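Counting along the sequence shown from 1, when you hit position 391 you're at 1173 in the working numbering, and nothing is skipped either side.
Worth flagging that the hints you see were computed from the coordinates, not collected in a lab.
There's no promise every hint is true.
[Claimed, not checked] Simulated pairs of lysine-lysine, DSS-like, Cα-Cα distance not exceeding 25 angstroms:
id	residue 1	residue 2
1	K900	K841
2	K897	K841
3	K900	K1015
4	K939	K1015
5	K897	K1046
[Stated by the list, open to error] Label-pair distances were calculated between CB atoms; the ranges are:
id	residue 1	residue 2	range
6	R958	L829	28 to 36 angstroms
7	N903	E1174	20 to 28 angstroms
8	I1084	I1146	20 to 28 angstroms
9	I1068	K897	36 to 44 angstroms
10	V954	F1150	42 to 50 angstroms
11	G1177	T1053	15 to 23 angstroms
12	M1078	E981	57 to 65 angstroms
13	R1175	L809	21 to 29 angstroms
14	N903	V1061	44 to 52 angstroms
This one's a predicted model, so the numbers in the text were calculated from it and none came from an experiment.
For each residue, glycine too, the CB sits at the ideal point set by N, CA and C.
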Amino acid sequence: MLVLGDLFLQFGNVALFLLLNYYLMDLGYEDTQIASLHSTRYFGVILFALPFGMYIRGKRLRPVMQVGALLTPIFGLLLILSLDSSSTLIQRACFMCWGVSFLLFHVPGMPYILKTAKAENHTASITLYFQTFSLATLTVGILVFFLRSGDLQLDLKNVLLTFNVISFLGFVFLLRLPKHELNVQKKRPSGQNALSSIEREDVRRIIWTILPTLMIAVGAGLTIPFINMFFAKVHGLGDAYFALFGALSHVLVMITATFIPTIKKHLGYVTGITGLQSVGVLILIILGTTQFYAEMPWALPIALGAFMIRQPLMNCAGPLTTEVSMYYVGERNRELVASVQSAIWSGSWFFSSMIFRELRDQGIDYVFIILVTASIYVMGVIGYHKLIRRLEREGRYEDRITQ
783 MLVLGDLFLQ FGNVALFLLL NYYLMDLGYE DTQIASLHST RYFGVILFAL PFGMYIRGKR
843 LRPVMQVGAL LTPIFGLLLI LSLDSSSTLI QRACFMCWGV SFLLFHVPGM PYILKTAKAE
903 NHTASITLYF QTFSLATLTV GILVFFLRSG DLQLDLKNVL LTFNVISFLG FVFLLRLPKH
963 ELNVQKKRPS GQNALSSIER EDVRRIIWTI LPTLMIAVGA GLTIPFINMF FAKVHGLGDA
1023 YFALFGALSH VLVMITATFI PTIKKHLGYV TGITGLQSVG VLILIILGTT QFYAEMPWAL
1083 PIALGAFMIR QPLMNCAGPL TTEVSMYYVG ERNRELVASV QSAIWSGSWF FSSMIFRELR
1143 DQGIDYVFII LVTASIYVMG VIGYHKLIRR LEREGRYEDR ITQ
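Hey, can you work out the whole structure from these sequences and the hints?
Written out as structure tokens, the structure reads:
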């Protein structure tokens, strides 16, 4: 039920990811204005994520996810409709509330899976959960291509509204989640709050876990939210075709994801994470440098090929990095770390969006922004390598405290 609920919620999220920037450009928004709106969304998550993680630590996760599943499509619809308003305040409020509502659902998801799945099924369960975004991207991308081309030619606004209405089905499926949850802390000991229950060993492991996430998130924030603008303005690719190729890239993501348990079993975390990510960084460099010869007829095919190859390389490392992180910090800290990582992603994308806005305002080409992203990614890959070695050397947190 959780996977099905996430799948339908991702329909609205993916539609906004693929098409929102195109819609904003059609409305006459400049790059700097688009970046500013996105940064508002991430700022809201920054403010809310850490207190939220503290609050749900040791609590039942099902009701929180259900609230998030209901609010996410509501604010998605309000966000789209707010763009008809001339009020920047209303638009920013809708962007912020949309980000926070998705946080309510998304953050508890991974800890919930690790609590309810058998230990031997963790890798497969996490991989399946990660694939909902890919399956949603595939479905939405193909549908958008047909809705936006041929005889239909639906406008972007109605396409976005349609997929966000479909997202309400996610809430319906989450209503059917089992009510019983394991390891729910009924009440903290007297005089103890969420902060005082965190020990020094917790803090040390949490810091080592979030550092590589920070590097990857900062780099991604400079490029990923605006990659459709790169294809539109550098290579002249329309929204329907970008959606189609985005969908096809996630076919590759889904295919390669089926091999993740095998990769982990035979090659281990180092190859499965740092190996895939390193190749993904090289492909990103190839993608960005197509701007140097964008006028050539082969530039767009190379850029699209790099875009499609890079997607599975970076995305397939995700389930393994999540597993490493959750094992290293231990069960008692999973909700908190999931929330902190969400805050890091949103915080990094908030500041990265502001940096992107300034760089574009100064006339810096997309290629140089993408090269900066690749450089920061390298530091993140190194960080994950060190985290894996620490997990191998120190063991899981539960193993340490029960010795």
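Verification of the supplied hints:
1. Between K900 and K841 the alpha-carbon distance is near 20 angstroms, which keeps this suggested pair within the 25 angstroms criterion.
2. Restraint check for K897 and K841: satisfied, since their Cα atoms lie roughly 12 angstroms apart, inside the 25 angstroms limit.
3. With a C-alpha separation of about 48 angstroms, the suggested pair K900 and K1015 falls outside the 25 angstroms cut-off, and the hint is violated.
4. Restraint check for K939 and K1015: satisfied, since their Cα atoms lie roughly 21 angstroms apart, inside the 25 angstroms limit.
5. Proposed proximity of K897 and K1046 is supported: the alpha carbons are some 21 angstroms apart, at most 25 angstroms.
6. Hint check: R958 to L829, Cβ distance near 32 angstroms, so the stated range 28 to 36 angstroms holds.
7. A C-beta distance of roughly 22 angstroms is found between N903 and E1174, which places it inside the suggested range of 20 to 28 angstroms.
8. Checked against the hint of 20 to 28 angstroms, the pair I1084 and I1146 passes, with Cβ atoms roughly 22 angstroms apart.
9. Roughly 41 angstroms separates the CB atoms of I1068 and K897, a value that falls within the hinted 36 to 44 angstroms.
10. Against the hinted window of 42 to 50 angstroms, the Cβ-Cβ separation of V954 and F1150 comes to about 46 angstroms, which satisfies the hint.
11. Taken as a hint, the range 15 to 23 angstroms holds for the pair G1177 and T1053, whose Cβ atoms sit roughly 20 angstroms apart.
12. At about 58 angstroms, the CB distance of M1078 to E981 agrees with the hint of 57 to 65 angstroms.
13. Between R1175 and L809 the CB atoms are about 53 angstroms apart, so this pair departs from the stated range of 21 to 29 angstroms.
14. The given range of 44 to 52 angstroms is broken by N903 and V1061, whose C-beta atoms sit roughly 28 angstroms from each other.
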